Structure formats: C-alpha cells, structure tokens
Amino acid sequence: MRNLIQLIFLVLLPVAVLGILIYDIQNLPGYNNLPELQEQYSVKKHRVIDHTRFEELKGPFPDAHAITTACLKCHVERGEEMLNSFHFMWEKEEYIEGRGVVYFGKKNALNNFCTGIAGSERTCNRCHAGYGYGHKHFDFSDPTNIDCLVCHDNSNVYEKARGQAGYPVEGIDYQKVFASLSSPKKINCSGCHFHSAGGNNVKHGDLESALLVSGRDVDVHMGKDGMDMECVDCHTAENHVMKGRYYGLSSTNQRRALCEDCHTAYPHKDDLVNEHTLKVSCKTCHIPTYAKVNPTKMSWDWSTATTQLENGQAISIYNPDGEQIYFTDKGTFTWQKDAVPEYAWFNGTADHHLLTDSIIHNPVKINTLFGNYKDPDSKIIPVKVHRGKQPYDLVHNRILQAKLWDPEKGQGGLWVDYDWDAALRAGMDYLELPFSGQYGFVETEMYLPVSHMVSPASEALTCKDCHTRNNGRLAGLTDFYMPGRDRNRGVDAFGKIIILASFLGVIIHAITRIIILRK
Amino acid sequence: MAQRKVYIYRLFERIWHWTQALLIFFLIFTGFEIHSSYNAIGFENAVRYHNVAAISLIILIIFAIFWHFTTGEWKQYIPTSKNLKAQVDYYITGIFKNAPHPTRKTTLTKLNPLQRLVYLGLKVFIIPLMVITGLLYLYYRYPFKGTVVSLGFSNLETIAVLHTLGAFLMVAFVVAHLYLITTGTTPASNLKAMITGYEELEGENEEELQKSDNEEIL
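Chains D and L supply the protein sequences, listed in that same order.
Note that this note's numbering has the first sequence beginning at 336, numbered continuously upward.
Note that this note's numbering has the second sequence beginning at 1460, numbered continuously upward.
Incorrect hints may have been included.
To be verified - Computed list of lysine-lysine pairs in BS3-like fashion (alpha-carbon distance at most 30 Å, straight line):
id	chain 1	residue 1	chain 2	residue 2
1	L	K1651	L	K1556
2	D	K672	D	K709
3	L	K1464	D	K831
4	D	K379	D	K520
5	L	K1651	L	K1464
6	L	K1544	D	K831
Don't read these hints as lab results, they were simulated from the structure.
Here the structure is a predicted model, which is why all the values come from computation and not from measurement.
Extracted from the complex, chain D is given alone in its bound form (with noise of 0.2 Å):
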C-alpha cells in the first residue's frame, strides 16, 4: 500500500506539476501600468498665471458679457471653439440607427426628471455655460454669450444666479476670480453635474458633493486620502470639447471616457480575469455600488404633484432618513442609498424618446441603450434605472412637457400656479407641438450608466455575484450562458436520473448478493 501511494507520487505530482506549469505559462498577465498612472496623475495641474496683472482685466465691465469679450481678446481662438462645444450648444448631430442624423441635446430632450427645458429656461438653464438662454430664441453665435468663468473660476466665488438664464450674482469680487483662473476643478463641474434634477446626487447617483471630501472608499480616483483626481484628468478636453458621453443626451459610439484609455484593456494578473473583459465592462465589477454616501432619485412621479397644497403654499414630505418623498411642486419620489445597478448590453449607441415619437411600449423609455450579446461592440454596463410617471396627451398619445416655472403667477408655470392643464399648455405652445386637453399620466424608465464612484480593487464583485444559480446580479441578462448560473434543464435532469439509477442498481444489486450468498 505504501509502494503504491509512492507510485501515485511519482506519476501524479510531475503530471499535477506540468498541468500547473502549463496552465501558468499560458496565463498571459496583462500590463498593468498602474506605477505609471500613479507617477503621471500625482503631478497636479497649477495655475499658470495670476490674469489680474493683465490691463484687459482691470475692469469694470458693465455685465458679464464685458468678460467674456476681454477673454476673448487674448484668447482670440476660444469663442469659436466654445460655440461648437456641447457645454455651450446643447445640442449634438448625430446619426441614431432608425432615425437618421438628429439634432438632440438638452435644448430639446425630454428626461425622466424634470422632463424638459422648454419654456422654463430661465430657471433650468443657469447651468447653461452661457449668458441669457432664457428663450429659444437665444443666440448660439454670439461668442460673447459664453461663460468662461463657470468653468474656470478656482476660487469658488463666482456663482450664477437661481432663475437669471446664466447671468451670475451680483456683487462678485471679479479680481479674486481673475487672480484664480486655471483649468477646471472638480467643484466647477459640481455646480451643474452634481446638482442636475434639482439636488445634490439626485439624477446620477454616482455624481455628488460628497467626492469633493470622501476617500478612496467612496470613488479610488477622486479620494482625498488617494490620487486625489480632478474630472479633466479623464474628460480631457479637445478644442474645449470634452471626452465622454452621458447617454440620456448622448447616442453615438465616439468620444467615450473609458477606463481603458488609460488601464489598458486587460489590466489583471489574472487571464481568467482579462477574458471577461471582452464582454463585461471594467464598471460592472469595480463598481459595486453607487449612491455610497448619500441618496439618488430611483422614482419621480408627476402624476401627484400639485395635488397636496396647503393654504395654496406647496408642501413637503420626508421619511425618517430625511428623504423627500412628496414635493407639490414635483411629485412623488422614492431614493435609494448604496444602490445596487441594475444591468445591462451597451454598445455606445442609443436612441431618445422625442417628444414628437408616439408611445408604443408602456413603460416609455425615455432613452434606449443599444447592445446584446451577440453584438460584438457590446459589453455588460451598470446601469440606474430612474423609473417615472410623466403627462402624456391622451389623444396623440405622445409625452406632454409642461412649463415648469416663470418669474410671475398667471404665466403657466406648474411651480407657480400649480395648474397642470395651464401648464402642458404653456409648454406645448411653446414648443409649437399640439395638445389636446386631455392628459393622462404614463409609465417611464430612463437608463442612466453608472461610471463613477469606483471603488478599490478589493471592493470589486467576486465570481459568486454573477456565476450562481439565483439572484445572481445577472440574473436579468438572459441571452448567453454563464457558468455557474445556467443549465440545461433536460441534460440535467436526465443526469440526476442516470446517477440515481446506478446508485440505486448497485445497492440492489448488493443487497441482493449479500442476502443470497449468506443463505
């Protein structure tokens, strides 16, 4: 017995050695460039120059208009480069499978939030990088409508006015702003990108204040006590257009931010590892969660708003954890803290619902992200899933966008007269689109990528996320087989069957012997 276990040795080990030796050779590292990345973003950008020493910032300017046309002075290429950048133009041409080329941007898309722009400008487009896009008449060639300081201000002082199309506060200390210019700052991009829907985090979820203070915890990137990355690191820009794409405005496959333009595309020690890659995108494992620190919007519904006032005055209702969850002015909401994507096939294109598409699918989708798993440009993404209920016409089936808001009473605007009937149409007016008096409310999804707040490398999802029988988190991508997750019922049925059958042979078989045989 001995001789054989030393027999077994002999021939297990130097083929269990080979089979290890082989499949080791085999996996293929990738390059992990992470000791470059680390040297090459540890080096911060700095302002360049202190622009109060210059005589065409003396000042003063008569409005803020004045300011750009000093910039543009020196800076005798930027206006144009701005007018043909998305931050100013609102609005992309782009070619959507089905659709043709189509001018879509935020001048005229309709979201799952605030649903629209449209004759509430005002008060929506103080996030608009320009001065007096307070109509749709504004005027998209005049470079001196451009706000540069939004962008480039460093010192926090600067800030645009609540309902004033853009125009920013009275009384700023330009001087203190001019001696700050630089490139962008995560809290430039934190006015609008964190605070879009109203709130802070409440459209995105993986965009909010709290990464201008959280560790590496909350986003590995942006961590104060990591590399401490500010938003142009990644969204670099070209001629003042930046790289990457969100997809409730955006539908074509260029100018992606993606993770491997700089981590490579098969970053892992680990083949295994790297061969997902062809499928999976980096985000869906690496980031977990988002909403980590504080809630996103998951529902809105519209139908409820203006429904509760009190003494004509709006009312609001929080829960215990301090969420709003009823707003007279907006409706219904519900949130959600350290959320769970959902997820899904992406190939970089998607679709938009228009205002002028009729509802075909209940619940709309308000956006449409292209992909299968067929599709070799596709890749599994996270995705938040905003789900809403928005007025539609009950006659032309297609979605209503009300005027929201307007300096005076009597002009239609919901937040003021709380009127939806005045208010849809106002809005449809203004957009010169038809409504018919009656309207209903429909069911809406908009999918919203999950990109940021990615956590370290050891938060990261682990096989059993995926590769398990139930509830697994992909367990709502049913077009491909996965491990560890799918089986073919009828192989593994007849399996079971066959194993139970020798098992259930060879114990009658012995029992029979052995009774036999004892006789």
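For chain D, the structure is supplied; the task is to place chain L on it using the hints.
Just chain L now, kept in the frame of chain D:
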C-alpha cells in the same frame, strides 16, 4: 484448477489508473461546484483547480495513449460479442448463484467482454467528449498577445451543456465501476490486483494463463 499468483497489471498501468482516478474524482468534485451544484472550495478556486487538473489529465492521457500503443495493450479494448451475453447474464443471475465467471482473466485478456465495451465507450466517447468540450470551454476565447483571440462561437451553451452531459455519464460510470470492483473472485481481489499488480488467477500453468480466450482477434 490451480490458483496461481500472476503479475497482471504492470507498473505504469497501475500508476496511470490511480492518477487518472484521483484526477477524475477531483474534476468531478470541482466541476459540479462550477455547475453550482454545491459550494465547497469557492467558485474561483474550483475553476482554477479544475483547469489545472484538466491539463494534468490531458498530459496523463497522452502518456497513456503512447503506452497503450507501444505495448500493444490497446488490443485489450477491441470489442467482442463472444461471451458478452454470458457476461451480462452472469451479473444479472449467475453472480447470485455463486456461478463461476464466464470468462477467464489472463494477462492477454484482462477485460471481460462487457468491460471491453464499456471501457472502449469511455475511451472513444466520453473522454474525447470531455477533452474536446473542455478545451473549447477553456480556449474558445483567450487572451493572447494583448488581445483576446476568439474561436468565434456565438455562445458557450452547446459546449457547456455537452461538457455537463459528459460529466453526468462519467459519474454514473464511476459509481458502477466502484461497485463492480467487488465482483472479483473475492470482493477485494480486483482492488488488490490494481494496487499490487498481482492477482490469483485460475490456470494450469504460466502458459495457459498467457493464452487468450479470444485468440482469433489478437
């Protein structure tokens, strides 16, 4: 008839057999964890060790094929219908009556007609099925020189389901095989033979034992 101790399983044969047995047990154990039949060592470990064991087994199989052909031992697996029915009858009825084995084991015919058929099936059907689907499973998409090389399968499903089917058949084989070990001259004699190489066989003398029941096909 005289009982004589005969050297029936050669050294390589025994080592091959037991190494293969261990690897197959291990592959079944890790494989069904990957199939989510149970949780034992963790999915990631199961995949990793399954792959190493699979490559090891393939190396062993290559050695074994070489050995079978150089020694001519492959002829042991040529199927025969002679005594096949008698062998089946023996397992169904004869064994309960203490009837003698219908075929005699010699160094030239180690396998009875039923074993020949089953082992041949294992060698030409189940093992190739497992090796081919296993290799495709491992390499149908594979990182190579900074990119991922793909064999262009649109879906893993067919490969995976065939691999699972083979695994079930393998388990059923192992169950039956383990039991049939006990049906030798004594319940332990077959096991002993595979361990020591020697088995007590019936025969007048060495020459007789070397003779085959199926000389015509040898």
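Taking the hints in turn, this is what the structure says about them:
no. : hint              : in the structure
1   : K1651/L / K1556/L : holds (24 Å)
2   : K672/D / K709/D   : violated (33 Å)
3   : K1464/L / K831/D  : violated (41 Å)
4   : K379/D / K520/D   : holds (11 Å)
5   : K1651/L / K1464/L : holds (12 Å)
6   : K1544/L / K831/D  : holds (28 Å)
Hints 2 and 3 from the list above are not met by this structure, while the remaining hints are.
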